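*Asks:* What follows is the residue order along each chain.
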Amino acid sequence: MIQYGDTMILFEDGKPKQFLTVTQGQTYQNKYGAYHHYTFLVKPGEEILSKNGTGPIYLMTPNPHLITETVPHKTQILFMADISMIILKLCLKPGQRVIESGTGSGSLSCSLAAAVGHKGRLFTYEFNKERANNGKELFAKLKINQATCFWRDVYANGFLKGEDTENQGEFPQESSIDAIFLDLPQPWLALDHSKKMIKKGGRICCFSPCIEQVQKTALELKQQGWKNLETLECLKRHFERRVKQEQSLFDDVQKKVCTDQNKRVTYSAGINQAYGHTGYLTFAQYI
Amino acid sequence: MEIIEEDTWVCLEDNRNESKIVKVNEKKMVGWRKHKFDIGVLLHKQYNTFWKVDKTNAVVEISSDQFYDNTDLDNQIDDANIEITKTNKDLFDFNDSQKLTQEEILSLKKQKEGEEIVDEVIQNSKTFEQKTEFSKAKYLKRKKEKYICCFMVLKTTIENVHKTQFLETPQKLNFMRVDSLAFFMQLSSITQNSNILMFDNANGIAVSAVAERLDGEGSISTVFWNHTKSNLRDYWPIQQMNFSEEILKSIKLIKNLEDIEKNENKYTHLLIAGEFKFTEIFEKYLKLVAVGGIIVVFSTYLEKLHEVAEQLLSSGLCGKIDVLDSFMRYHQVLENRTHPKVEMNAFGGYLLQTYKLK
Chain A
1 MIQYGDTMIL FEDGKPKQFL TVTQGQTYQN KYGAYHHYTF LVKPGEEILS KNGTGPIYLM
61 TPNPHLITET VPHKTQILFM ADISMIILKL CLKPGQRVIE SGTGSGSLSC SLAAAVGHKG
121 RLFTYEFNKE RANNGKELFA KLKINQATCF WRDVYANGFL KGEDTENQGE FPQESSIDAI
181 FLDLPQPWLA LDHSKKMIKK GGRICCFSPC IEQVQKTALE LKQQGWKNLE TLECLKRHFE
241 RRVKQEQSLF DDVQKKVCTD QNKRVTYSAG INQAYGHTGY LTFAQYI
Chain B
1001 MEIIEEDTWV CLEDNRNESK IVKVNEKKMV GWRKHKFDIG VLLHKQYNTF WKVDKTNAVV
1061 EISSDQFYDN TDLDNQIDDA NIEITKTNKD LFDFNDSQKL TQEEILSLKK QKEGEEIVDE
1121 VIQNSKTFEQ KTEFSKAKYL KRKKEKYICC FMVLKTTIEN VHKTQFLETP QKLNFMRVDS
1181 LAFFMQLSSI TQNSNILMFD NANGIAVSAV AERLDGEGSI STVFWNHTKS NLRDYWPIQQ
1241 MNFSEEILKS IKLIKNLEDI EKNENKYTHL LIAGEFKFTE IFEKYLKLVA VGGIIVVFST
1301 YLEKLHEVAE QLLSSGLCGK IDVLDSFMRY HQVLENRTHP KVEMNAFGGY LLQTYKLK
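Those sequence lines, one after another, are chains A and B. Heads up: the first sequence at position 189 corresponds to 189 in the working numbering, and the numbers run straight through without jumps. Heads up: the second sequence at position 61 corresponds to 1061 in the working numbering, and the numbers run straight through without jumps.
Heads up, some of the hints might be wrong.
[Stated by the list, open to error] Just a few of them, taken from the derived set where beta-carbon distance is under 10 Å, the chain A residues facing chain B:
no., residue
1, 5
2, 38
3, 46
4, 64
5, 66
6, 83
7, 84
8, 119
9, 196
10, 218
11, 232
12, 236
13, 237
14, 241
15, 244
16, 245
Honestly, the hints are just simulated from the structure, not real lab data. Since we're looking at a predicted model, the values are computed, not measured. Backbone N, C-alpha and C define an ideal beta-carbon position, used for all residues, glycine too.
One chain only, chain A, in its complex shape (with noise of 0.2 Å):
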């Protein structure tokens, strides 16, 4: 059941929409008329009707598919293809520790928690301040307690615990790191940093737009003397059923006659919108 205080993911006309913390007395505005609160203190998922009885609209438990598709954006947010080739080669397992930076918009971030799981630890560096605090309140929205941010530029600062006495709460120490993911205009120069926290054996990633900065961090990687190192990009296509109505190019299409009448047939077409590109991906390995 859903209580107060909690936020959930609003679903209307079929698609996920915004964040919604359910609080008492308030109402919900949209254009099938208003939605009182408390009739949200439903299940998960289950329909709820305005007070004009119409557009139904839902709440659904945010999950880390959903919260990618409804966070809003402060910044470039990383996307499920991307997300989903960085957890499985990152190999993610609960319990495990995972530093990243930058936070940004908290979309990587929360499916990071997900996948370590309530055993595991996620701290996330963000080097501006507004989105630093912005990543600390998604997280307590949304009660990923496994999370922790820090307002750090890691370039000059790196991952441990420093002089910076705003950032509260539990550190990281060296060599303590499951996997390491870098989400910055320059990886290369949070590479140092990096190698003092990894484990050995554990994996590190790099996302990075250009093809250039790409070159950058491989060669800065094989200096360092990371092995197994990996490039790759990850993209979507969504595909849509049209069903259509066949015409024969025989049928007199003035008389309306066909010969076929009834015969609809359903296809699937690509759809045309798309990311062709979000970024590459580096994977390499500390041994």
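Knowing the structure of chain A, use the given hints to seat chain B on it.
*Replies:* The following block gives chain B in isolation, referenced to the frame of chain A:
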């Protein structure tokens, strides 16, 4: 540091970037790459160590430098400093550039170590010195891969268990490419305490990925294609992951299909990996999925997924039906020679995801 215990499955990754998954026991013989060697040597040794099979078929430990001398050679050429002074203008394919005969090489194999054979082969190549630095490196890479057998010992992970099988017989995994498996996991968004109903026709690779993520906190009712005679031990991905008792307990193997309906709680996930008659599964079991439940289907056939989409749409119980596939390719990244890899796997299967809303 973790050491390799008795009866553990480990992944051996060799200098050709191929892999094999074996169980480590004392005095256990393994046949691989035309060698037969005793893998028991690895017992009580550390993970991420490097080994070589020598001319007597004994497994000896080598340093990481020795290993990477023989593997990953593309990455080792100092690209920026190579000057191309030679061309292939005067190279002709007369098939006489190698002075050693096949018999001579075969007898060399018995007497000498891999590195020595490679040296010998190069010395007896008439054309080697005329090659450009790049094609020298390529030649060296081919010869080293052929004559030297060394490998690295890794912990088994979903990725290398999948990769090992996929390279060999992708049909056993229902052609589920690694990115499709990754999508499958991300789309099904498994959280602790999920109660999952799963149909698997991909030999258990999806089940073991889900079980690993669930970490014993929840339950997976699994139906395999040949459900009446199956046993968890028959599915190598589940064995090879070295799961703890706790995780194995969370996988409930369903041998009698009526047991599916006997579950007290409703299922939070309905996951299908591989070919089944999807429509009959949804007809019978969609009602057992809780409101807000996640449904993910993997198939190699787009038409079958659209059939499912049509069925779910007309039932009016599901919303946000997505049908998608993925495109993935690897890149060669070198300072002056960066491009997508020549070989790629062009087809990884299709996925459908939806939420049950009523």
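*Asks:* Give a verdict on every hint.
*Replies:* Now the hints, each set against the structure:
no.	hint	result
1	5	violated (19 Å)
2	38	violated (19 Å)
3	46	holds (5 Å)
4	64	holds (5 Å)
5	66	holds (7 Å)
6	83	holds (6 Å)
7	84	holds (4 Å)
8	119	holds (7 Å)
9	196	violated (18 Å)
10	218	holds (5 Å)
11	232	holds (5 Å)
12	236	holds (5 Å)
13	237	holds (6 Å)
14	241	holds (5 Å)
15	244	violated (13 Å)
16	245	violated (16 Å)
Against the hints set out earlier in the document, violations occur for numbers 1, 2, 9, 15 and 16.
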